[in-house]
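**Q** Chain by chain, the residues run as shown.
There are 2 protein chains.
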Amino acid sequence: MCLALCAPGLAQAQGERLTAGESDPRLMGWMQGFPPAPDKIITQPDSVYFSFPKLRWSVCHLRQFLPTAGISRGLGAPVALAALPAAEAEETARAIDALQFTPIGGTAPMTWEASLFANYTDGILILHEGQQVYERYFGCLEADGKHAAMSMTKSVTGLLAQILIAEGQLDDSLLVRDIIPEIGDSAFADATVRQVMDMTTGIRFSEDYADPDADIWRYAAAASPLPKPEGYTGPDGYWDYLKLVQPEGKHGEAFHYKTANSDMLGWIISRVSGKSVTDLASERLWRRMGAEQDAYQTVDGKGVAFAGGGLSLGLRDLGRIGQLMLDEGVINGERLFPAEVTEHIRAGGDRTKFSGYPAIPEGSYTSQWWVFHNKNGAFAARGVHGQTIYVDPAARMVIVRFASFPEAKNALIDPTSLPAFQAVADYLMTR
Amino acid sequence: MCLALCAPGLAQAQGERLTAGESDPRLMGWMQGFPPAPDKIITQPDSVYFSFPKLRWSVCHLRQFLPTAGISRGLGAPVALAALPAAEAEETARAIDALQFTPIGGTAPMTWEASLFANYTDGILILHEGQQVYERYFGCLEADGKHAAMSMTKSVTGLLAQILIAEGQLDDSLLVRDIIPEIGDSAFADATVRQVMDMTTGIRFSEDYADPDADIWRYAAAASPLPKPEGYTGPDGYWDYLKLVQPEGKHGEAFHYKTANSDMLGWIISRVSGKSVTDLASERLWRRMGAEQDAYQTVDGKGVAFAGGGLSLGLRDLGRIGQLMLDEGVINGERLFPAEVTEHIRAGGDRTKFSGYPAIPEGSYTSQWWVFHNKNGAFAARGVHGQTIYVDPAARMVIVRFASFPEAKNALIDPTSLPAFQAVADYLMTR
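For the protein sequence lines, the chains are V and B, in the order given. If you're matching positions, the first sequence starts at 1 in UniProt numbering and goes up one per residue. If you're matching positions, the second sequence starts at 1 in UniProt numbering and goes up one per residue.
Chain V extracted, bound-state conformation (with noise of 0.2 Å):
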């Protein structure tokens, strides 16, 4: 039986995966039509619509799956990013597109240009010492559109719980049962708030999808905002779920990537500051960073967003998160949080911790950001199937990055991202 994967019927006759090109939701039909043919329909569930070729037009219309709360920019006129003059922008992405470098583990050369496709990239742009010097769209993806952030969300839930620590609303010294009683005898209840910020709480939280048992499938069986199955008994939301979250090994001892953990920053920072996260996102980030769009944020059954993983964003707008992280909290020339937020963010995590990450083999994580410590001192947001914000102080550079890789993980894309983000980093600063 041949349903839509084997439409374009090139590589996927052989087996192979599709290309970029070849996966292109424009060229697969989605939802294309009034309405579509019925195997060109995009629908529920989650399986079915954020499984690869289709979750290459699912992330960028998440909204149309699930119930959201928006992020508003308020009602003032944007803020353009600075851009070079034509004539040199189009120089300067033509030597981009040319860039050589060595992915990770290969021997042969491959371009900037080719690695866009390799990396299945959606929307990337970049900016050298603030300017707009390079932006492109694919796939599903134009500049007035919005696209899943994925766990980039994580990094946004980590900089607000940063900022309303140098503010002083919120003590990373403290344990999370004093700040939410209620919290009761969850694993999370004797951990700091900066374990949890750096994700090196002692939590079980598998997240093997192979394991119908894994602790990843109550967790989303507790976020989803459908009704409840019949005889369901489980937790009811991300914070009913976080109050039965099991032990597993000590706090502090080493840093675990666990999403639970973000969800658990999100409901502290909400509780510390009498703020939704995605009310804070818009006061603290959206409403004075001159973004261009409003913002939404996926949420369970009782209106709490999903600090873990649920924002999409504009293309821009993410680029001024990562300009305001070089530039340590100004934008537009307006300060927007102490300078200290990205100190601490940038100076990483304890990288003793850190282990398992083959492409960050030097890291650490802290505040929700991955930190490189590499030679131009880079650090990261970054999301399954290739989401990046990528911030290299010394380079004054910044890469925002969309993408719809086939797969989650990021090890299998860093191999082509890491390298070609250094080679431009490398131009810029001789350019």
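Please keep in mind that the hints were generated in silico from the structure rather than gathered at the bench. Any given hint could turn out to be false.
For chains that are exact copies, the list does not tell them apart, and a pair is met inside one copy or across any two.
As the list claims (entries may be wrong) - With a cut-off of at most 20 Å between alpha-carbon atoms, the simulated SDA-like pairs for lysine to any residue come out as follows:
(1) LYS228 / GLN44
(2) LYS375 / GLU113
(3) LYS275 / GLU142
(4) LYS228 / PRO45
(5) LYS243 / ARG94
(6) LYS275 / GLU362
(7) LYS228 / ASP46
(8) LYS40 / GLY274
(9) LYS40 / ASP279
(10) LYS409 / ALA95
(11) LYS375 / PRO361
Following the hints, put chain B in place on chain V, whose structure we already have.
**A** Below, chain B alone, put in the same frame as chain V:
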């Protein structure tokens, strides 16, 4: 047992309905706190979240319950509505608040300001000669918020259709089956586009909410974006439902207000334009009218927007649509559509086919707009629970109102609305 309803403990104790002040969602405490108290959480299903007094919160937050498609305003700067100088604005607002009128069927006079509370107003904006002269927000709404338009959505759908007609893209004398052959033997098949637009089709579509077998429930089941219940064999989505509509009476004989017509029209304009109603609204209106905010529209499980009632938008953007109608397609010095679009609508439908609306005894309905045929030539978009765009060409006045009146029927709110609008018109004409 004392649930949320009796919390303020006022009128309710006497078995009376909470007043506007008593049912203010901020006072009720809906969704306040992280998390809110269990009895303050508003959640699925719609029989809960859209029942009074909870609906007073939900009208501003429909996206938190339902999947939606966005209506983009684009990336440019908004164009502010012209406004009176501050001192004059304040004086005018005071004068309007003090205006008196006699409610239909009443004897005692009521002030304009009192009518705002009688009508459970959430936001109201008055434009005179294109200038904003009055603006107030209550309940869940603020200037940068969005509110459910309910059946005013129909009027936006109808406006878009009328624009396509004026441009020659749509012929309203065609039969539905000429445009959508797969409508099959639905009762819609041999209706003209004009009959659909004017709701003079002969279709069975009972909206008796008390009858569990009413068509509206089958429609709701088809339209629900939630996964269908096990064993569900009915239609999936608005358009599949429309294929199954049964006849009742003859096309063209009488006006019957039936929401299915609006979704049929949404399908028609999507088919002929090659765009969804949300993309059409963005292209023709939001991107060109200086809109302050994006809007959104709820969607069914296949991503089709609810053309009969799914729109949510900002109050001032609703005012821009009203001003566009008053100024026959021109706003901010730019013509968005031919004057004949408004001329057609303003002229009204066949009055001999219209009956049964006590507050609109001389009225008619055309292109999904209500026409009063009163001395001022007023016409309107109207939605349940008090939503309206009221355009008064003689007074060069537009009133837009969002409300959350406890009961759906506008017949209950017209007596304290329509004479109040006329009183403001009289005042503005002699000011």
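**Q** Run every hint past the structure and note whether it holds.
**A** Checked hints:
1. For the identical chains of this complex, LYS228 and GLN44 are neighbours both inside a copy (15 Å) and across copies (10 Å), given an alpha-carbon limit of 20 Å.
2. In this assembly of identical chains, the alpha carbons of LYS375 and GLU113 never lie at most 20 Å apart, being 24 Å within a copy and 66 Å across copies at closest.
3. For the identical chains of this complex, LYS275 and GLU142 are inter-copy neighbours only, at 17 Å across copies versus 31 Å inside a copy, given an alpha-carbon limit of 20 Å.
4. Taking the shortest Cα distances, LYS228 and PRO45 sit within 20 Å of each other both inside one copy (14 Å) and across copies (11 Å).
5. Taking the shortest Cα distances, LYS243 and ARG94 never come within 20 Å of each other, neither inside one copy (53 Å) nor across copies (53 Å).
6. Taking CA atoms no more than 20 Å apart as the test, LYS275 paired with GLU362 passes in neither setting, with 36 Å inside one copy and 50 Å between copies.
7. Both within a single protomer and between protomers do LYS228 and ASP46 lie at most 20 Å apart by alpha-carbon distance, with minima of 16 Å and 15 Å respectively.
8. With identical chains, the CA atoms of LYS40 and GLY274 are at most 20 Å apart between copies only, with a shortest distance of 16 Å across copies and 44 Å within one.
9. Proximity of LYS40 and ASP279 under a CA criterion of 20 Å is satisfied inter-copy only: 19 Å between copies versus 36 Å inside one chain copy.
10. Neither within a single protomer nor between protomers do LYS409 and ALA95 lie at most 20 Å apart by alpha-carbon distance, with minima of 30 Å and 64 Å respectively.
11. With identical chains, the CA atoms of LYS375 and PRO361 are at most 20 Å apart within one copy only, with a shortest distance of 13 Å there and 79 Å across copies.
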